[in-house]
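Chemist: First to last, the protein sequences are chains R and D.
Going by numbering that gives the first Met the number 0, the letters in the first sequence line up with residues 0 to 246, in that order.
Going by numbering that gives the first Met the number 0, the letters in the second sequence line up with residues 0 to 325, in that order.
Don't take each hint at face value.
Claimed, not checked - Pairs of lysine-lysine, DSS-like flavour, derived with a Cα cap of 25 Å:
(1) R:Lys244 <-> D:Lys82
(2) D:Lys137 <-> R:Lys225
(3) R:Lys15 <-> D:Lys296
(4) D:Lys182 <-> D:Lys25
(5) R:Lys208 <-> D:Lys82
(6) D:Lys130 <-> R:Lys15
(7) R:Lys244 <-> D:Lys109
(8) R:Lys151 <-> D:Lys55
(9) D:Lys109 <-> R:Lys213
(10) D:Lys11 <-> D:Lys130
(11) R:Lys1 <-> R:Lys50
(12) D:Lys281 <-> R:Lys244
(13) R:Lys244 <-> R:Lys225
(14) R:Lys15 <-> D:Lys281
(15) D:Lys290 <-> D:Lys321
(16) D:Lys55 <-> R:Lys144
(17) R:Lys1 <-> R:Lys213
Hint data in this document are derived by calculation from the structure and do not stem from the laboratory.
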Amino acid sequence: MKILVPISNVPDTTTKIAFTNGDTEFNTAGVQFIINPYDEWYALVRALELKETGKAEKVTIIHVGLADADATIRKGFALGADDGVRVDSEGPDAYFVAEQIAKYAKDNGYDLIMTGKETINYNGSSVGGMVAGFMDLPFISLAVKFDLEGNKATVEQDVDGGAQVVECELPLVVSCAKGMAEQRIPNMKGIMSARTKPLTVVAATGSDKLTNVKSYTLSAGRTTVKMIDENNMDELVNLLHTEAKVI
Amino acid sequence: MVLVYTEINKGKVKKSSLEAVNYASKIAELTGSTVTAIAINADAGQLEDIGKAGAKKILSVKNDALASLDSMLLSATIEQAVKAESAKIIIFSFDIIGKAVAPRLSARLKAGLVAGAVDYPTVNGTNLEVKKNVFSGKATAVYSINSDVKIISLLPNSFPVKLGDNSATVIDFAIDLTGVISKIVIKEKKSNDVGGMIPLPEAELVVSAGRGMKGPENWGMIEELAKELKATTACSRPVADMHWRPHHEHVGQTGVAIRPNLYIAIGISGAIQHLAGVNGSKTIVVINSDKEAPFFKSADYGVVGDAFTIVPKLIEAVKKFKANHN
Numbered sequence: 000m001k002i003l004v005p006i007s008n009v010p011d012t013t014t015k016i017a018f019t020n021g022d023t024e025f026n027t028a029g030v031q032f033i034i035n036p037y038d039e040w041y042a043l044v045r046a047l048e049l050k051e052t053g054k055a056e057k058v059t060i061i062h063v064g065l066a067d068a069d070a071t072i073r074k075g076f077a078l079g080a081d082d083g084v085r086v087d088s089e090g091p092d093a094y095f096v097a098e099q100i101a102k103y104a105k106d107n108g109y110d111l112i113m114t115g116k117e118t119i120n121y122n123g124s125s126v127g128g129m130v131a132g133f134m135d136l137p138f139i140s141l142a143v144k145f146d147l148e149g150n151k152a153t154v155e156q157d158v159d160g161g162a163q164v165v166e167c168e169l170p171l172v173v174s175c176a177k178g179m180a181e182q183r184i185p186n187m188k189g190i191m192s193a194r195t196k197p198l199t200v201v202a203a204t205g206s207d208k209l210t211n212v213k214s215y216t217l218s219a220g221r222t223t224v225k226m227i228d229e230n231n232m233d234e235l236v237n238l239l240h241t242e243a244k245v246i
Numbered sequence: 000m001v002l003v004y005t006e007i008n009k010g011k012v013k014k015s016s017l018e019a020v021n022y023a024s025k026i027a028e029l030t031g032s033t034v035t036a037i038a039i040n041a042d043a044g045q046l047e048d049i050g051k052a053g054a055k056k057i058l059s060v061k062n063d064a065l066a067s068l069d070s071m072l073l074s075a076t077i078e079q080a081v082k083a084e085s086a087k088i089i090i091f092s093f094d095i096i097g098k099a100v101a102p103r104l105s106a107r108l109k110a111g112l113v114a115g116a117v118d119y120p121t122v123n124g125t126n127l128e129v130k131k132n133v134f135s136g137k138a139t140a141v142y143s144i145n146s147d148v149k150i151i152s153l154l155p156n157s158f159p160v161k162l163g164d165n166s167a168t169v170i171d172f173a174i175d176l177t178g179v180i181s182k183i184v185i186k187e188k189k190s191n192d193v194g195g196m197i198p199l200p201e202a203e204l205v206v207s208a209g210r211g212m213k214g215p216e217n218w219g220m221i222e223e224l225a226k227e228l229k230a231t232t233a234c235s236r237p238v239a240d241m242h243w244r245p246h247h248e249h250v251g252q253t254g255v256a257i258r259p260n261l262y263i264a265i266g267i268s269g270a271i272q273h274l275a276g277v278n279g280s281k282t283i284v285v286i287n288s289d290k291e292a293p294f295f296k297s298a299d300y301g302v303v304g305d306a307f308t309i310v311p312k313l314i315e316a317v318k319k320f321k322a323n324h325n
């Protein structure tokens, strides 16, 4: 049983965001890129744990992007992934990305696809559900616990107002949220082996550009904070009523 | 034709679904079309509410298998409604089910999806241009949807719900799920104990507290403040990780992202990961003993001081306010 983990190459959480080319592109100058935290901490680490406990044979990382993402893919190798595939394309939108991943998974016989619940740059929560749609597979979203017994997955997932435990036979697509696994730090052996693990580059297959970004705008920060004296909570309540109009 | 997916939860049409119907009816207006809603296992009163929110027609589906909310079954159901109505625009809420079903439908129908829209689209020829949050709220992007069939999911709490006196034509809509086999078997359901509070993603008022509260035994005043304001309680990540508060109360990047009208943060320093989950709140009040706490830079109102003396004063002030405004 092989697991495929799609990863996104995203700016580090603390990045100061800026745009370029008439606010139509993200400005990558000086930006530190990382594996999307949900893809890494939850999907990839849990996939590696399944392999380490003998429940999976292989963990492959897939990324749809250009060569500058190779360093990010190798960070996943350092954590323990066996190999990686980069579909050589800018990956214009979630539909395009998901179509590439689904095709690779189908052609290469992956039984379990584990994604993060969303990316921290586009926040669309879309790729997992789309991959399941392309492959006509069951999709379990927002998994917080995941285990395998033979071919049967037992998954706890967040649902409205609580959680539920479900069972499903593989093949399956699952999106992973907090609770799945703990963040890992790569060890020296992992870092050393990362350089030599196989990273295959494949061409993207034709797909339409169903959506595109026209422009970006930085969110307006809040204007200066109004400080209220700690002995004057009546004023705070009054401002919340008359000025902010929220109570 | 604009089609909107609605959902029933705890005996009522979900607030986020009513927002989606409002949103769909505005889009119908913009595109010179009408709104059809799809409702699953809804009763007469619930159908009436969907009508009041602006649906002209409701496809009422009765099917026990759909109670599981499996995205495969829901997607197949909605696909049949899309075909029957020749829908070109499909609206979801960007809530838990919307996040699972809209992408699947997008793949099935080759329909461009904008997930988490925060404003009404503008029409540009045959394309729709829609704004959504990106970079965890640090920016917005305007997306153009260029495909023939278009899907938009609306970020909850982007617009207040409006119910009018519209009534919809209800049609019993029979679906055929032959060959669509759900392999997901629900074994156990666990409810979050929210003590009658509105669930966090839907809450308009939220009182949240962090490590500054020093221990779970001190949450009484947080709960009391929330109760007086009819607010929902939340907490920061360290508090959830230390099990002072249940996991479902954790707001922030890894927890629940919320955008209430009022977010009161008590004893929370305001790490960037926390802000990513709450910076969509309309008004933010920060109470912290450290005047250098980064959260003050993202607040509308700030109070510097000891939460253990300030919160009781705030509770008294809220009580007084309520007494004067009833």
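Chemist: All hints are to be evaluated individually against the structure, with a verdict given for each.
Modeler: Taking the hints in turn, this is what the structure says about them:
1. R:Lys244 <-> D:Lys82: Status violated; Cα separation ~44 Å.
2. D:Lys137 <-> R:Lys225: holds (22 Å)
3. R:Lys15 <-> D:Lys296: Within the cut-off at roughly 15 Å; holds.
4. D:Lys182 <-> D:Lys25: Given pair Lys182 of chain D, Lys25 of chain D is violated - Cα atoms ~37 Å apart, limit 25 Å.
5. R:Lys208 <-> D:Lys82: holds (23 Å)
6. D:Lys130 <-> R:Lys15: holds (21 Å)
7. R:Lys244 <-> D:Lys109: The given pair, whose Cα atoms are some 43 Å apart, is violated under the 25 Å limit.
8. R:Lys151 <-> D:Lys55: violated (44 Å)
9. D:Lys109 <-> R:Lys213: It holds: about 20 Å lies between the C-alpha atoms, which stays within 25 Å.
10. D:Lys11 <-> D:Lys130: This hinted pair is violated, its Cα atoms lying about 29 Å apart.
11. R:Lys1 <-> R:Lys50: Measuring from Cα to Cα gives roughly 9 Å; hence the hint holds.
12. D:Lys281 <-> R:Lys244: holds (10 Å)
13. R:Lys244 <-> R:Lys225: holds (15 Å)
14. R:Lys15 <-> D:Lys281: holds (22 Å)
15. D:Lys290 <-> D:Lys321: Distance of about 30 Å is beyond 25 Å: violated.
16. D:Lys55 <-> R:Lys144: Cα-Cα ~42 Å, so violated.
17. R:Lys1 <-> R:Lys213: Cα-Cα ~38 Å, so violated.
Comparing the model with each earlier hint shows violations of hints 1, 4, 7, 8, 10, 15, 16 and 17; every other hint is respected.
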